[in-house]
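**Q** Which chain is which? The protein sequence lines are A and B, in order. The first sequence runs 2 to 309 under my numbering. The second sequence runs 142 to 425 under my numbering.
If you're looking for bench data, these hints aren't it; they were derived computationally from the structure. Warning: the hint list may mix true and false statements.
To be verified - Subject to a maximum C-alpha distance of 30 angstroms in a straight line, what follows is the list of computed BS3-like cross-link-like pairs (lysine-lysine):
{"no.": "1", "chain 1": "B", "residue 1": "Lys178", "chain 2": "B", "residue 2": "Lys339"}
{"no.": "2", "chain 1": "A", "residue 1": "Lys19", "chain 2": "A", "residue 2": "Lys300"}
{"no.": "3", "chain 1": "A", "residue 1": "Lys19", "chain 2": "A", "residue 2": "Lys73"}
{"no.": "4", "chain 1": "A", "residue 1": "Lys73", "chain 2": "B", "residue 2": "Lys337"}
{"no.": "5", "chain 1": "B", "residue 1": "Lys337", "chain 2": "A", "residue 2": "Lys141"}
{"no.": "6", "chain 1": "B", "residue 1": "Lys337", "chain 2": "B", "residue 2": "Lys178"}
{"no.": "7", "chain 1": "B", "residue 1": "Lys416", "chain 2": "A", "residue 2": "Lys141"}
{"no.": "8", "chain 1": "B", "residue 1": "Lys339", "chain 2": "A", "residue 2": "Lys141"}
{"no.": "9", "chain 1": "A", "residue 1": "Lys73", "chain 2": "B", "residue 2": "Lys416"}
{"no.": "10", "chain 1": "A", "residue 1": "Lys261", "chain 2": "A", "residue 2": "Lys300"}
{"no.": "11", "chain 1": "B", "residue 1": "Lys416", "chain 2": "B", "residue 2": "Lys337"}
{"no.": "12", "chain 1": "B", "residue 1": "Lys339", "chain 2": "B", "residue 2": "Lys416"}
{"no.": "13", "chain 1": "A", "residue 1": "Lys73", "chain 2": "A", "residue 2": "Lys141"}
{"no.": "14", "chain 1": "B", "residue 1": "Lys367", "chain 2": "B", "residue 2": "Lys221"}
{"no.": "15", "chain 1": "B", "residue 1": "Lys416", "chain 2": "A", "residue 2": "Lys19"}
{"no.": "16", "chain 1": "B", "residue 1": "Lys178", "chain 2": "A", "residue 2": "Lys141"}
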Amino acid sequence: MAPVIELDGLGVTLGGRKILEDLRCTLSGRAIGLLGPNGAGKSTLINTLLGFYPAARGTARVLGCDIRTERKQIRDLAGYMPESECFIANLTAVSFVRLMAELSGLPSDAALERAHEALFYVGLGEARYRLLGTYSLGMKQLAKLAQAIAHGPRLLILDEPTNGLDPPARQRMIRLIREMRDSRNLHILLCSHLLRDVEETCEEVLILKNGHQVHYANLEEERKANQRFLELETLGGDGAFAEAVERLDCECAIAGRRLKMVLGQDFAIRDLYRLAEEHGVQIRRLNYRRDSLEDIFLKAMENHNGRP
Amino acid sequence: MAVHKRSYHAYAGELTPRWSRFLIVSRYASQSAFLSKPLTAYFVLCFFYPLGCALALYMNHSERLLAMFHTSSFFAVDAKFFFHFLSVQGSLAFILTALVGPGLVSPDLANNALPLYLCRPFSRAEYVLGKMFVLLALLSLVTWVPGGTLFLIQSSLAGASWMWTNFWMAGSIFLGSAIEILVFSLLALALSAWIKRKLAAGAALLAIFFFGAGFGEAVNAVLRTKYGFLMNLAKLIATVEDQLFRQLMRGVSAGSAWAALLAICAFCLLLLERKVRAYEVVRG
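Next comes chain B alone, as it looks inside the complex (with noise of 0.2 angstroms):
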């Protein structure tokens, strides 16, 4: 390392691509988010879910164990599995996003990093992209990538018929994983972009979550509307994943849930592109 080098000379090596450089951003920011104990030990046992469901349905094709229970299956696989299996780890992720995600923008926001990066051939985009890719890589962890895994096992186990029958289930996990990734991780940028206290954003994020889900509750009994759904976030994306899995609708219609939560994205999307700039410019 010619570090005796102690004098100014320019850099004539090669350069990265471009498209490549946001995720410089996420790798920095995954290695600093996974400084806390904490947070590591929390992202293990989010596994401990998709490993116990991995095991049952081992044991539901067990002919030995089926024979010694004098039973056909434990249980059923179908959309009604998969749809808890999601639900479980969609609370999940919620929580890990309560963790990961406030910790992105917000330190940045507070020491002015910010016209570091930007002064740099490197976007506002591209910086947005790149922290968010740290929790797309992370819910994708705990949500559809263990779905998935699931669901091939189950393939593996029951033959390619059941796979076949059931094949919108995997599209099912992926597209209702998805939504909720998008949801959570615009919710925790934007939350993470304008509240520059790493803690108040996290609080901030799930007093959304909590309070959103009580304030819709209370408007549903004082006007005697189910349009109260629209400010409870689970609801909205439960709704969803509802008709994604052929359940029975609960609330407002699948409809409504979509353009709510198409909505909440764009919003979180507009404060991004407000707050996430080089320096803010004082109005008046």
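One chain only, chain A, in its complex shape (with noise of 0.2 angstroms):
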């Protein structure tokens, strides 16, 4: 797949500090994670990329385009939804959404039909009618990602989306970004300190700290690779069974009634069950245990301790 985003040694200063330093990464994702606590650098490296910030050493590439010459083309193909609470007063939510389509370049009769679907596909269909500035929270995160979809982005922007929302509206928020992803319209680059919000949505994640790039992972490939590990717990039998067990082409630790497994490459479920009736063994529960993204994120973390 072409590479989304690249990152080529991109080092961003601002008032005299340093905020991001030698990031390097090439991201191809469907739906990118951009995560690390607050303060890591997640929203002014989509500001850089968006050419909101110069960067002050090496470059980036969002979808081939240089942030350094191609700053227009880049905001072509882009839509943005910013995490900061931001409106238009004095606008209907639908006349909002017109007036940020046509200045991505619609025509005026085209970008108020887009507004409409924009803001029917989001959830505000019923509410296109009304003043943004007498929206609650959650329905502006959602006239913010209208606007952001409404010109057909090749690249959806969004950061903290599910900022201040509350469990239902976050959900809904969640389901709209799958959905997109799924789409395969457009590519996904999320920003969030959440780690569920990236975990349901993203297949990439790159994490950040303190301005550094401190761990890149493909969580499609990790979470394959972490099917390995296997959690049993069975009732019946006696010690032959974890023996015969021992010999299938995994590692073994007992525990009492419990065992747990690392699995080699040729293991076979199948085995695991034809040796639980070979040897009367019930079989009462079997967990597929994997790195959940905080694990990842939790190692990533600990990992950079050590530098600054």
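Build the complex: two chains, separate frames, hints provided.
**A** The following block contains the structure:
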């Protein structure tokens, strides 16, 4: 797959402070997560990709366009949902989204049509003629999402999209992000400090801390790799079952009725069921244990602790 | 309208030319400004004086009326006439600027809307131009457009020889108006960008105009100089217009007035450059 974002030694200095340093990475997933604690530089990275902040060192490319020389092309291709509460006063939602679509180059009639579509899509269809100033925080987030997608971008940049949302509104936002990801019409760059948001929506994740890149993970691959851990709880039988299991392609740790297994490449789960039947053992619980994003994140943070 | 399409899909239609997109901002900003009925009423009021002048020009050339009053003309239509016209309309234009200008940028800054504009293929310069175009259009409609129309009316009534003899006045009307429009617009936008509250920005614009004049007079009186006029915006514009309409010069030289007005414009542009950004960088 063609790279979506290429970071090539990117460094950003703002107000005399180094905010981002030597970021090098190629991200090409359908949905990319930018993860890190507060102040890690996630929003700065997004703002640099959009050309709001200048790159002090190195460069980056978004969908093949260089951030130093092809800023307008990048903005043509991207839709951006900012983190902060932002809207245009005295406008209804439909006028607001229409204005934003027109600024992206859509003719007035097409912009109006897309504004209606986008607002219906995000779930604000019934409230589209209300003034934005009267919207709740959750509705404003959805209106921001609508303006970001109205012109049909190839890259949707979402900065903390679930900020301030209650659980149902958060679920709705996550569902929308997943739907757009699965539509295969656009790439998503999601920036969040909430692990669950990233875990539920993204395929790739770049973890930042103090402006440094501390970990890159392809979540799909990590998930596949981590499926080789198995926890088993059994009832009945004797030690022979455990011995037989150990002869399968796996490493096994036995603690009473519980077995923890690290599975080899050739391990087949049906062999386990066969052995259980042969030894008269009931399998009461079987869990594939995998590292959650939280494990990956905490590991990355620990590994980085020695660095400045 | 395809509101039934409740799935995300890309846009594949044609796009508008880039150069014209600043007009979108102007269109929305002017629509928003004219939601205010007092503003609309005031804008209409601004055309009363030009209409009165047009009527006066007609009467000045009406042979029946002239014969009735046994005179060859009621008043002379010369540079002073147009200078006076521009002074009156300039004052009305300033009040119009104070009503419209502060609401152009400050609400966008107060509501953090600039990232929404600037994350698109739309530059800061286009944003400022778009907002400024609202003032350029409105102030043009109350200054050089009616001024030029009066010039044409007088030309049609007095004949081609009058027009060719006084053609320089058309240039003076346009240039004098352009200076007023540029200074008022930039000042209003700069204040609107730095003062987030619309009312406060409007008050600041009036304060610069009136307190500047008062302070300038005080400086002149205390220091026994005439350079206090450099703080008097109305006087600076009047001095430039004096020169353009070949009137008796007052206060500072025309060169100093031009330089001061250009410096004010440059300073306003600098203020806008510093403030109209997607995100401000906090130093330290």
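**Q** State for each hint whether it applies.
**A** Hints versus structure:
1. Lys178(B) - Lys339(B): 17 angstroms, holds
2. Lys19(A) - Lys300(A): 24 angstroms, holds
3. Lys19(A) - Lys73(A): 25 angstroms, holds
4. Lys73(A) - Lys337(B): 28 angstroms, holds
5. Lys337(B) - Lys141(A): Judged against 30 angstroms, a Cα distance of about 21 angstroms means the pair holds.
6. Lys337(B) - Lys178(B): This hinted pair holds, its Cα atoms lying about 23 angstroms apart.
7. Lys416(B) - Lys141(A): 25 angstroms, holds
8. Lys339(B) - Lys141(A): 23 angstroms, holds
9. Lys73(A) - Lys416(B): Given that 30 angstroms is the threshold and the Cα spacing comes to 21 angstroms, the pair holds.
10. Lys261(A) - Lys300(A): Cα-Cα ~22 angstroms, so holds.
11. Lys416(B) - Lys337(B): Roughly 11 angstroms between the alpha carbons, so the hint for Lys416(B) and Lys337(B) holds.
12. Lys339(B) - Lys416(B): Status holds; Cα separation ~16 angstroms.
13. Lys73(A) - Lys141(A): Measuring from Cα to Cα gives roughly 26 angstroms; hence the hint holds.
14. Lys367(B) - Lys221(B): Holds, at roughly 24 angstroms.
15. Lys416(B) - Lys19(A): 22 angstroms, holds
16. Lys178(B) - Lys141(A): Since the Cα atoms of Lys178(B) and Lys141(A) sit roughly 29 angstroms apart, the hinted pair holds (cutoff 30 angstroms).
Going through the hint list in order, the structure satisfies each hint without exception.
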